[in-house]
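Protein chains: 2
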Amino acid sequence: MIDRRVCFRAFCCALCLILAQCAWGFQAPDGLNLMPVPQEITVNKGNYALKRDFRISLSGKPDERLLQASTRFLRRLSNRTGLFLAEGYITNKNFGEGGSLHIHVKRPGKVRLHEDESYTLNISKKGIRVEAETDLGAMHALETILQLIEPGKASYQLPQVEITDSPRFPWRGLMMDVARHFQPIEVIKRNLDGMAAVKMNVLHLHLTDDQGFRVESKSYPILHEKGSDGQYFTQIELRTIVRYAEDRGIRVVPEFDVPGHASAWLAAIPELGSVEGKESYEIERNAGIFDPTLDPTNEKTYVVLAAVFKEMAEIFTDEYFHIGGDENEGKHWDGNKSIQAFMKEKGFKNNHELQNYFNTRLLSSLESYSKRMVGWDEIMQPGLPKSAVIQSWRGIDALVNSAKQGYQTFLSNGYYIDLMHTARNHYKTDPLPDTVSLTDEQKKLILGGEATMWAELVIPHTVDSRIWPRTAVIAERLWSSQDVNDMDDMYRRMEIISLQLEEHGLLHIASRDQILRKLAQGGDIKSLQTLNNISGPLQRYTRNPGGTMYQSYSPFTLWADAAVADSETSRLFDSAVKSYLEDKNSKDGEYIKEQLLIWYENHESLVKIINASPMLREIEGLSEQLMEVSQLGMEAVYLLEKNETPDLSWLSDAEKVLKKARLQGGRTELMNVNTIEQIVRSLVKIESGN
Amino acid sequence: MIDRRVCFRAFCCALCLILAQCAWGFQAPDGLNLMPVPQEITVNKGNYALKRDFRISLSGKPDERLLQASTRFLRRLSNRTGLFLAEGYITNKNFGEGGSLHIHVKRPGKVRLHEDESYTLNISKKGIRVEAETDLGAMHALETILQLIEPGKASYQLPQVEITDSPRFPWRGLMMDVARHFQPIEVIKRNLDGMAAVKMNVLHLHLTDDQGFRVESKSYPILHEKGSDGQYFTQIELRTIVRYAEDRGIRVVPEFDVPGHASAWLAAIPELGSVEGKESYEIERNAGIFDPTLDPTNEKTYVVLAAVFKEMAEIFTDEYFHIGGDENEGKHWDGNKSIQAFMKEKGFKNNHELQNYFNTRLLSSLESYSKRMVGWDEIMQPGLPKSAVIQSWRGIDALVNSAKQGYQTFLSNGYYIDLMHTARNHYKTDPLPDTVSLTDEQKKLILGGEATMWAELVIPHTVDSRIWPRTAVIAERLWSSQDVNDMDDMYRRMEIISLQLEEHGLLHIASRDQILRKLAQGGDIKSLQTLNNISGPLQRYTRNPGGTMYQSYSPFTLWADAAVADSETSRLFDSAVKSYLEDKNSKDGEYIKEQLLIWYENHESLVKIINASPMLREIEGLSEQLMEVSQLGMEAVYLLEKNETPDLSWLSDAEKVLKKARLQGGRTELMNVNTIEQIVRSLVKIESGN
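Going line by line, the protein sequences match chains A and B.
Here this note's numbering is used: the first residue of the first sequence is 310, the next is one more, and so on.
Here this note's numbering is used: the first residue of the second sequence is 310, the next is one more, and so on.
Among these hints, one or two may not hold up.
[To be verified] In silico SDA-like links for lysine to any residue, alpha-carbon gap of 25 Å or less: (1) B/Lys917 - A/Glu877; (2) B/Lys498 - A/Phe657; (3) A/Lys917 - B/Gly586; (4) B/Lys917 - A/Pro923; (5) B/Lys462 - A/Ile834; (6) A/Lys917 - B/Glu804; (7) A/Lys835 - B/Thr878; (8) A/Lys535 - B/Glu396; (9) B/Lys896 - A/Glu913; (10) B/Lys835 - A/Lys587; (11) A/Lys535 - B/Arg364; (12) B/Lys646 - B/Gly586; (13) A/Lys360 - B/Arg364; (14) B/Lys360 - A/Thr744; (15) B/Lys835 - A/Glu812; (16) A/Lys354 - B/Pro923; (17) A/Lys535 - B/Tyr553; (18) A/Lys462 - B/Gly930; (19) A/Lys360 - B/Pro923; (20) B/Lys535 - A/Glu373; (21) A/Lys896 - B/Gly832; (22) A/Lys835 - B/Ile458; (23) A/Lys587 - B/Asp556; (24) B/Lys360 - A/Pro923; (25) B/Lys498 - A/Glu525; (26) A/Lys917 - B/Leu808; (27) A/Lys535 - B/Arg552; (28) B/Lys917 - A/Tyr800; (29) A/Lys902 - B/Gly832; (30) B/Lys498 - A/Lys917; (31) B/Lys402 - A/Tyr800.
Quick caveat, the hints were computed from the structure, so don't treat them as lab data.
On a predicted model such as this, the values are computed, not experimentally measured, just so you know.
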């Protein structure tokens with residue numbers, strides 16, 4: 310009966326050694342579109358047909374959360390398939406057996422670290438059966454089912470599968486910076502839905518920074534009144550977020566970044582600052598690392614922090630509480646005589662020791678509210694209690710070091726999605742690579758990782774296109790087996806999952822055309838799309854030199870804001886060129902020539918749009934570069950086809966065209982230049998050395 | 310100095326008579342993109358260049374609301390032009406003179422009926438000056454400025470104009486039905502921004518109906534607990550909406566529809582129902598008119614209503630309060646002996662008199678909270694106090710009748726945007742046409758009108774595409790002079806304003822492609838767009854026969870949900886055909902043939918997409934019809950060009966093709982069939998009589 314059997318981890322590793330397939334990584338079985346890929350999956354022959362009379366039954370101890378999740382599942386199933394399902398709402402009337410989908414859960418899950426999230430999913434001709442220890446596992450199973458839907462002849466169906474699944478890491482997070490640019494509650498909600506769809510379970514909210522204090526404080530209302538430009542979450546909104554997340558099995562970890570990154574705190578309460586006698590601070594409008602720092606020698610600092618933490622400890626029910634602690638250079642401490650005297654008195658040799666003193670006081674304050682303190686790498690100083698948790702932005706070495714010293718820790722280095730690296734880049738980052746030597750106990754301290762969405766350059770309208778779909782790939786890295794790492798298959802699945810994510814109201818695809826429509830001012834956006842699809846935003850921090858090119862109130866709906874890190878066009882082109890250079894097959898050759906011609910011809914229509922829209926002047930050069938480099942590519946392919954060797958003057962011109970093609974335009978750069986260069990270099994059989 | 314002088318109303322009417330231009334209506338001057346068109350405008354030579362150092366100054370009595378509105382204005386100006394403005398926030402530091410834009414307001418406006426909303430706007434080489442009695446007028450001026458932005462050579466500019474503006478009607482509303490499908494607060498907010506952009510000033514929220522009770526009640530929490538499926542506004546959200554609207558000069562009028570449309574009330578409190586001894590009611594899932602009705606002879610009905618109204622009267626600060634009162638057929642009253650006895654006792658001859666008794670009691674209850682009662686046509690019964698206000702869904706006769714009887718009244722008939730009529734249709738509807746004979750006093754009672762967004766067939770993701778851009782056209786009808794009625798110019802401006810409305814996060818354009826992407830399941834959506842752009846959703850109530858084809862939980866992200874009422878493609882084609890049939894010019898001929906060929910060829914690529922997506926099977930016939938009718942059109946144009954008369958069998962086939970082309974597919978119909986029929990009929994010189 311079982312004829313197509315594909316199985317992960319359990320017994321494929323042996324096979325893997327034989328086939329030496331590991332280097333290329335495992336593919337998801339049979340072209341299924343699962344992301345993250347489950348731990349074990351058996352695909353059987355046949356399907357389960359979805360029909361209008363689809364019903365859900367539940368047994369065991371299903372709670373209200375699971376009823377609501379099941380109702381949301383029905384609605385998504387219905388919109389995904391167009392089926393007018395007879396059943397609209399799942400209530401306690403659905404307790405019992407006999408549903409098309411039966412869900413059995415042993416107990417309601419607790420939304421906390423290390424809760425059981427496992428599930429089994431069995432789809433046969435007779436129906437669908439989900440079993441899980443907790444409803445959190447069952448909710449993951451519902452997401453898996455939605456990813457399994459495939460078109461059949463008349464309607465939609467599910468493949469017959471047996472899945473046993475559980476996460477590799479217990480901490481699979483997304484950090485959203487709502488301080489640099491505020492992100493209102495509806496943005497948070499739709500991203501929570503996106504997270505749930507790819508089985509992530511931690512939302513980390515970076516709530517304060519130099520650019521804003523984003524929560525309502527009842528103990529010190531001046532903090533949000535003077536520190537937020539009116540853009541903050543009310544306490545009711547915070548509770549709503551926590552509840553919304555919990556309904557989706559997601560923990561919410563709040564971060565109040567201290568003692569550095571403190572301009573917004575100090576704009577409200579300047580006396581907490583470290584500059585003697587300074588009577589006012591301003592909310593910061595630029596990006597970067599700034600000097601305003603809380604004074605750790607001022608008792609009032611602890612009074613205010615304790616009051617705010619107390620309010621927030623009650624709202625954020627999770628055990629973990631983040632105090633930031635990063636990038637404090639202590640410049641204002643150095644210049645403050647009274648702080649210097651304090652350090653001398655306490656025998657602190659440097660600012661790190663002073664900050665450690667500060668952190669340790671916060672830690673005990675947090676412990677009085679039953680919280681465990683989380684902080685960035687910098688908090689790990691000698692003497693830091695082992696109950697603290699380290700979030701590593703510095704890298705795998707710092708992560709491993711934390712674990713070796715006995716701290717719980719998780720990775721963010723490599724998952725900085727604001728840097729606009731490709732999904733490939735993030736997918737390669739593993740929090741626990743084979744190269745690391747740790748004891749089993751130490752390995753358990755490595756909790757997982759978090760994608761970090763720093764928000765200097767994003768606004769509510771564009772943030773989704775920075776988070777998605779790349780975060781789905783990070784979610785897979787943190788959930789699936791280490792040996793699920795086939796790049797091509799990852800990209801194939803990512804594109805499909807990306808489309809599905811739109812059903813949550815996420816704007817990661819739609820916002821791009823919205824921006825281009827605005828830029829085109831009524832003109833046809835086709836030529837803009839063609840150029841934008843091959844333009845990548847400048848990576849790392851180069852888009853915003855010195856952190857001062859953009860202010861927080863600058864326009865963020867321009868050319869670079871429509872561009873994204875991954876370009877499907879570019880990937881298809883790269884792959885065709887790679888294959889063509891290997892065997893000169895005509896199919897790839899035709900594809901390459903066709904694509905180059907589209908790029909070459911694009912300039913003519915784009916120039917008309919640019920002329921009507923001053924906002925687009927910044928990409929006129931880029932468009933010209935694309936035309937020129939595509940022409941170069943066409944010439945190179947022509948020479949290659951004719952097996953002709955180019956003369957020196959052509960090569961010299963080619964170098965110039967390639968160099969010019971690398972110039973940025975509209976804070977983006979062309980993503981196909983290296984590939985075209987490969988074609989050129991193949992003519993002269995020398996290695997690329999640019 | 311003034312060389313292009315165009316002036317509205319003030320002295321163009323004389324000119325109008327001379328040029329006999331009135332029949333075609335006035336165009337907006339000089340191709341400006343203003344909607345609504347201002348009352349008086351003089352366009353001078355020259356421009357005002359927008360630059361990075363743009364600053365705002367304020368004088369008179371600007372309040373906090375205007376400071377915030379000015380900050381929002383800056384941000385939109387910046388995103389619209391790409392200018393990195395040096396100024397980010399407008400605060401009381403901006404009081405004084407000397408800004409690039411100077412705003413002078415005499416007093417803070419009160420957001421209430423008949424408040425002064427007038428303004429003058431003067432743009433010269435030196436700068437921009439706004440003067441207004443109230444900040445509400447000044448905020449309208451800011452919207453006018455944003456609509457005046459035009460591309461210059463290097464950057465953006467404003468034309469030098471002198472505008473004197475004020476609304477024709479004081480009540481320019483949009484009704485949103487949040488009962489049939491709930492629309493969460495972010496949907497309301499983005500639509501409030503859209504309304505403000507086209508100078509509308511009333512949001513009417515239809516908060517209860519058979520399908521849901523959508524507000525949190527503190528006096529009777531069971532109402533939202535059992536009447537809403539968990540989908541309702543909390544009281545804090547309601548206050549947030551009222552505040553958000555007020556910040557944009559918009560009144561919020563709540564509607565609690567009684568005594569009919571009451572299933573949701575009764576699902577919560579069955580004893581208020583009119584069926585003797587009935588112990589439970591269900592929330593309605595279908596669309597239509599249903600029997601469950603509040604019992605007007607039960608004193609508890611008034612106790613509950615008074616309590617709810619009291620809570621809501623405090624939250625909704627506007628003077629007007631809507632009690633619905635429509636479509637109560639009183640069937641349950643007829644069948645209730647005790648109600649019949651009550652009627653006999655009171656001497657009521659029919660259900661209308663009983664309902665009038667009910668309404669009059671509500672009216673006095675509302676008056677005790679200083680509210681004026683608004684209701685639909687049906688509430689106007691003999692004896693209704695003159696303080697009541699009539700919203701007319703029945704039509705202009707009912708409206709005029711109300712005014713003649715001394716009631717304030719406003720029009721919705723003709724503005725039912727849920728019926729999917731074209732913008733043209735709504736634009737022609739005037740609340741006070743010349744044909745009406747009323748005294749000046751009576752005319753003043755006609756307050757304006759309201760677009761009504763009934764929500765049986767819309768969800769949060771699609772509602773924007775039903776509201777916009779057509780509501781902008783209704784906004785113009787209610788603001789601008791009666792003689793602004795050029796259809797072509799209206800459509801030209803509507804398309805531009807529609808693009809601008811995207812900046813508020815409205816999804817009226819983006820949601821269409823999102824749906825098509827979902828339907829295409831990863832395929833290219835181009836051929837879907839081509840067909841969808843010429844497919845209009847079935848009009849009036851034909852899409853949902855009997856109100857039972859769709860339930861409230863049915864999928865609403867299918868083919869018809871991507872289609873919209875107005876098709877630019879169809880308008881351009883109609884206009885080319887019209888012109889071509891008049892003079893057979895080759896330019897139109899080429900355009901027509903090209904368009905017909907695109908439609909004809911579309912089927913081949915679309916079929917591939919359809920085959921991969923069962924959800925699209927419902928439009929396979931429609932796509933084929935488009936292919937066939939386009940082929941017919943091409944043949945007809947060919948015959949016309951050759952001056953050949955078709956033979957009878959061709960004509961007979963043509964009739965069949967045209968008839969088939971009118972079949973619906975995916976709850977839409979092709980919008981170009983009549984126009985293609987015109988080409989065919991022109992061959993035989995007979996009038997279209999289908």
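Outcome of the hint check:
1. B/Lys917 - A/Glu877: Satisfied, since the Cα-Cα distance of roughly 21 Å is no more than 25 Å.
2. B/Lys498 - A/Phe657: Between B/Lys498 and A/Phe657 the Cα gap is close to 53 Å, so the pair fails against 25 Å, i.e. violated.
3. A/Lys917 - B/Gly586: violated, 73 Å
4. B/Lys917 - A/Pro923: The given pair, whose Cα atoms are some 40 Å apart, is violated under the 25 Å limit.
5. B/Lys462 - A/Ile834: holds, 21 Å
6. A/Lys917 - B/Glu804: Distance of about 20 Å is within 25 Å: holds.
7. A/Lys835 - B/Thr878: holds, 17 Å
8. A/Lys535 - B/Glu396: Satisfied, since the Cα-Cα distance of roughly 18 Å is no more than 25 Å.
9. B/Lys896 - A/Glu913: Holds, at roughly 23 Å.
10. B/Lys835 - A/Lys587: violated, 61 Å
11. A/Lys535 - B/Arg364: Roughly 23 Å separates the two Cα atoms, so the pair holds.
12. B/Lys646 - B/Gly586: With Cα atoms ~12 Å apart, B/Lys646 and B/Gly586 stay inside 25 Å; holds.
13. A/Lys360 - B/Arg364: violated, 61 Å
14. B/Lys360 - A/Thr744: violated, 56 Å
15. B/Lys835 - A/Glu812: Given pair B/Lys835, A/Glu812 holds - Cα atoms ~20 Å apart, limit 25 Å.
16. A/Lys354 - B/Pro923: holds, 21 Å
17. A/Lys535 - B/Tyr553: OK: A/Lys535 and B/Tyr553 at ~20 Å, within 25 Å.
18. A/Lys462 - B/Gly930: holds, 17 Å
19. A/Lys360 - B/Pro923: Measuring from Cα to Cα gives roughly 12 Å; hence the hint holds.
20. B/Lys535 - A/Glu373: Between B/Lys535 and A/Glu373 the Cα gap is close to 15 Å, so the pair holds against 25 Å.
21. A/Lys896 - B/Gly832: holds, 21 Å
22. A/Lys835 - B/Ile458: holds, 24 Å
23. A/Lys587 - B/Asp556: Answer violated: A/Lys587 to B/Asp556 is near 36 Å, above 25 Å.
24. B/Lys360 - A/Pro923: Satisfied, since the Cα-Cα distance of roughly 12 Å is no more than 25 Å.
25. B/Lys498 - A/Glu525: Distance ~21 Å between B/Lys498 and A/Glu525 Cα, so the pair holds.
26. A/Lys917 - B/Leu808: holds, 19 Å
27. A/Lys535 - B/Arg552: Distance ~20 Å between A/Lys535 and B/Arg552 Cα, so the pair holds.
28. B/Lys917 - A/Tyr800: At roughly 23 Å apart (the allowed maximum being 25 Å), A/Tyr800 and B/Lys917 satisfy the hint.
29. A/Lys902 - B/Gly832: At roughly 22 Å apart (the allowed maximum being 25 Å), B/Gly832 and A/Lys902 satisfy the hint.
30. B/Lys498 - A/Lys917: violated, 36 Å
31. B/Lys402 - A/Tyr800: violated, 52 Å
Against the hints set out earlier in the document, violations occur for numbers 2, 3, 4, 10, 13, 14, 23, 30 and 31.
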